[in-house]
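Protein chains in written order, with our numbering: chain F, 1 to 328; chain L, 1 to 249.
Don't read these hints as lab results, they were simulated from the structure.
For every residue, glycine included, the Cβ atom is placed at its ideal position computed from N, Cα and C.
There's no promise every hint is true.
30 Å max Cα-Cα, derived DSSO-like pairs, lysine-lysine [unchecked claim]: (1) L/K117 / L/K56; (2) F/K324 / F/K2; (3) L/K7 / L/K19; (4) F/K324 / L/K7; (5) L/K56 / L/K19; (6) L/K56 / F/K2.
Beyond 10 Å from chain L on every Cβ pair, some chain F residues (computed) [as the list claims (entries may be wrong)]: (7) I179; (8) G200; (9) A226.
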Amino acid sequence: MKLSRETTINIVLALLLLALPLVAMQIGKPFYVTLATRMAILGLAAVGLNIALGLGGLVSFGHAAFFGVGGYVAGIMATHAFNATPLAAFPFAIPGTNQMLVIWAVAIVVGGLLALAIGAISLRTSGVYFIMITLAFAQMTYYFAISWPAYGGEDGLSIYVRNAFPGVNTAVPLNYFLICYAVLLAALLVFALARNSRFGAALQAARQNDVRVASVGIRPFRVRLAAFVISGMITALAGALFADLNRFVSPSMLSWHMSGEFIVLIILGGVGRLFGPVAGAMLFVMFEYILGGLTERWQLFLGLALLGVVLFARGGLIGLIAGKARHG
Amino acid sequence: MAEPVLKIDDLCKSFGALKATEHVSLDLRAGEIHALIGPNGAGKSTLIHQIAGTLKPDSGEISFLGERIDHLGTAERARRGLGRSFQVSSLASEFSALRNVMLAVQSRQGSSFRFFKPVMRDRSLVEPAMEALGRVGLRDRARVPAAELSHGERRQLEIAIALALGSRAFLLDEPMAGMGPEGSKALTGFLDRLREEAPILLIEHDMDAVFALADRISVLVYGRVIASGTVDEIRGNAEVRRAYLGDGT
Numbered sequence: 001m002k003l004s005r006e007t008t009i010n011i012v013l014a015l016l017l018l019a020l021p022l023v024a025m026q027i028g029k030p031f032y033v034t035l036a037t038r039m040a041i042l043g044l045a046a047v048g049l050n051i052a053l054g055l056g057g058l059v060s061f062g063h064a065a066f067f068g069v070g071g072y073v074a075g076i077m078a079t080h081a082f083n084a085t086p087l088a089a090f091p092f093a094i095p096g097t098n099q100m101l102v103i104w105a106v107a108i109v110v111g112g113l114l115a116l117a118i119g120a121i122s123l124r125t126s127g128v129y130f131i132m133i134t135l136a137f138a139q140m141t142y143y144f145a146i147s148w149p150a151y152g153g154e155d156g157l158s159i160y161v162r163n164a165f166p167g168v169n170t171a172v173p174l175n176y177f178l179i180c181y182a183v184l185l186a187a188l189l190v191f192a193l194a195r196n197s198r199f200g201a202a203l204q205a206a207r208q209n210d211v212r213v214a215s216v217g218i219r220p221f222r223v224r225l226a227a228f229v230i231s232g233m234i235t236a237l238a239g240a241l242f243a244d245l246n247r248f249v250s251p252s253m254l255s256w257h258m259s260g261e262f263i264v265l266i267i268l269g270g271v272g273r274l275f276g277p278v279a280g281a282m283l284f285v286m287f288e289y290i291l292g293g294l295t296e297r298w299q300l301f302l303g304l305a306l307l308g309v310v311l312f313a314r315g316g317l318i319g320l321i322a323g324k325a326r327h328g
Numbered sequence: 001m002a003e004p005v006l007k008i009d010d011l012c013k014s015f016g017a018l019k020a021t022e023h024v025s026l027d028l029r030a031g032e033i034h035a036l037i038g039p040n041g042a043g044k045s046t047l048i049h050q051i052a053g054t055l056k057p058d059s060g061e062i063s064f065l066g067e068r069i070d071h072l073g074t075a076e077r078a079r080r081g082l083g084r085s086f087q088v089s090s091l092a093s094e095f096s097a098l099r100n101v102m103l104a105v106q107s108r109q110g111s112s113f114r115f116f117k118p119v120m121r122d123r124s125l126v127e128p129a130m131e132a133l134g135r136v137g138l139r140d141r142a143r144v145p146a147a148e149l150s151h152g153e154r155r156q157l158e159i160a161i162a163l164a165l166g167s168r169a170f171l172l173d174e175p176m177a178g179m180g181p182e183g184s185k186a187l188t189g190f191l192d193r194l195r196e197e198a199p200i201l202l203i204e205h206d207m208d209a210v211f212a213l214a215d216r217i218s219v220l221v222y223g224r225v226i227a228s229g230t231v232d233e234i235r236g237n238a239e240v241r242r243a244y245l246g247d248g249t
C-alpha cells in the first residue's frame, strides 16, 4: 500500500513528538519532556477545536471555557481527595478523587454538558455573531472562576500531588508524557473516524452549504450541535491533563487568550487537517521556548509567522507540505 | 379525482411593498408535469422557496401528500419527499458529485449520526448514489468535485440528488439553464419519463421544452396566477399572449 503524502507527514510528526522526550532523557535535558507534554496537551485541545472549526466551520472563540472547566474538574476533585472532604454532602456524600481515569470521565461529561448549553444557544447564530457569543460565554466562565473564592478565585488552585493512573508512577515526567501522548493519539483516531463517517459527511457538507444539507433532509443545527459537544469534550479532557501537568489550575486557563491560542495552533498547522493541531502545537511551543528565551516579545514573531501562513500558506504547515485537502 | 400530491392554497408573500406572491393557488397531480412560466421577477422562484421551506409565506396553506407542511422546516419537508433543484445551483462544492449524492442517500436511510464507518467504503451509500448519477448521465464524472463541474452538469447533479432522496415530487427551478441544445434535449427526454415516478413542478424559460413536456401550465405575472390550463389553452389565451409571450407571436 502506498501512503499518501499527508499520511507520511502525519507519521513523521507523531514519531518526532514521541522521540523528543526520549532523546531529551538521553542527553540529560529532562525539561524538554515537559515541553513535549505541553505540545501533546495543547495539540489535544486543538484537535477538539478542530472538529468544530475545521470540519464544521464553526469558529469558536470560546473553547477556553471547556479547557478551563476540564482543568477545574481535575483541580477541585484532587483538592477534595487531598483534604479528605466530600465534594458534595447532599443528597449523598460524593468524595473527591485522585484517580485520573475518574477525573477524565467527569471532565468529559462536564465539558460536554457545558458545550451542549453553550452550543444550543450559540449555534442559532453564525459568522461574527457566533464568534462573539462563544467569546461571551467563555468570559462568563472566566469571571465566574475569578469570583468564586471556594476554589482559589483569582489565585487559582494548586494540585499538591499529581493525580494517579493505575499501574503508572505519574510523577515521572516521561510516564506522564506517555499518558498524554496516548490520549492524543486516541483523540486523533476519533477525529479521523468522525471525519470519514456519515456524521462527518453531513458536518462538512453543512460547512460548505447548509441550504444543501437541509434540502436533502438533514437539519444542520443538530449535526453542528453534536460536533460542538464532541469538540468541547475533547478540549475539556485536555484541560484536565494540563492542570495535572502544571499541578495548578487558574482562571487564566479560561481566558480568551487561551481560546485565541487554540485557533492560532490550528491555523499554523492546517485547518481541518488530521495532524494540523499537532503540527501547530509543536511549532507554537517551540516558538514559545526558543524565541521566548531570546526576547520577551516572542509573540511579535509568532504574529509574523501567522501572517505568513495566512498570506502564503492557507493550508498551514500540513497544507504547505502535503498540498490541498481532497475529499473522495 | 384523486387528491393532488401537492396543493397550494391562497399563498401570499410580500417583501415590504413588493407583493411577490399574491393569493396563489395551484396543485400538482400524480403523473404530471405542471410548468410555471412568467417573465423575470414574476415570483416563480419565490414560490418554490416557500414550497420547499426556505422562505416563510405570510399567509396561505401548503399541503403535501394530504398533510399540511407549511409549519415544517426545510429538512423535514425534504424528508417527506420534496426534492428540489435550485435556480442557482446549490451544492457542497468541495465534495465530489458522488459525495453530494451520497448525502441524500444517507439522509434517506435516516442515519447521519453514525460516527465510525467510513462512508466511502459503505456500499449501501455508494451504490444507490452511483445509480442516481448513472440515471442523469454523470457516472463518469462521479469523482469530480462539484465546483469543477460545468453549469449544466451541476443541474444534472441536483436532479440526481433529488432522485437519490426518493422524492415523491420534484420542484425544478430552471433545470435547462446553462445547458447546450444537446443537453436540453436529453434532459427533456429524461423529465418526460421521470413524471411517471413522481410529478414535477417545473419552472423553465425554454418554451420549446415547456410546450413539449407540460401537462398543464400556470402563468405567473407580478406574483399572480393570470392563467392556468393545458398547453393549448395557454397558447390560445389572449391575456397570456399580451403579458408574456409577446403579442403577435
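Going down the list of hints, with the structure as the test:
1. With a C-alpha separation of about 37 Å, the suggested pair L/K117 and L/K56 falls outside the 30 Å cut-off, and the hint is violated.
2. Among the hinted pairs, F/K324 with F/K2 is consistent with the structure: their alpha-carbon atoms are about 18 Å apart, no more than 30 Å.
3. This hinted pair checks out: L/K7 and L/K19 have alpha carbons roughly 21 Å apart, not beyond 30 Å.
4. Note on F/K324 and L/K7: the hinted pairing is violated, with a Cα-Cα distance of about 47 Å set against a maximum of 30 Å.
5. A threshold of 30 Å between alpha carbons decides the hint, and for L/K56 with L/K19 the separation of about 14 Å falls inside it, so the pair holds.
6. Taking the CA atoms of L/K56 and F/K2, the gap is near 52 Å; set against the 30 Å cutoff, the hint is violated.
7. For F/I179, the shortest C-beta to C-beta distance to chain L comes to about 24 Å, beyond the 10 Å cut-off, and the non-interface label holds.
8. Annotated as non-interface, F/G200 brings its C-beta within 10 Å of a C-beta of chain L; the closest such distance is 8 Å.
9. A Cβ of chain L approaches the Cβ of F/A226 within 10 Å, the least distance being about 7 Å, so the stated non-interface status is violated.
Hints 1, 4, 6, 8, 9 from the list above are not met by this structure, while the remaining hints are.
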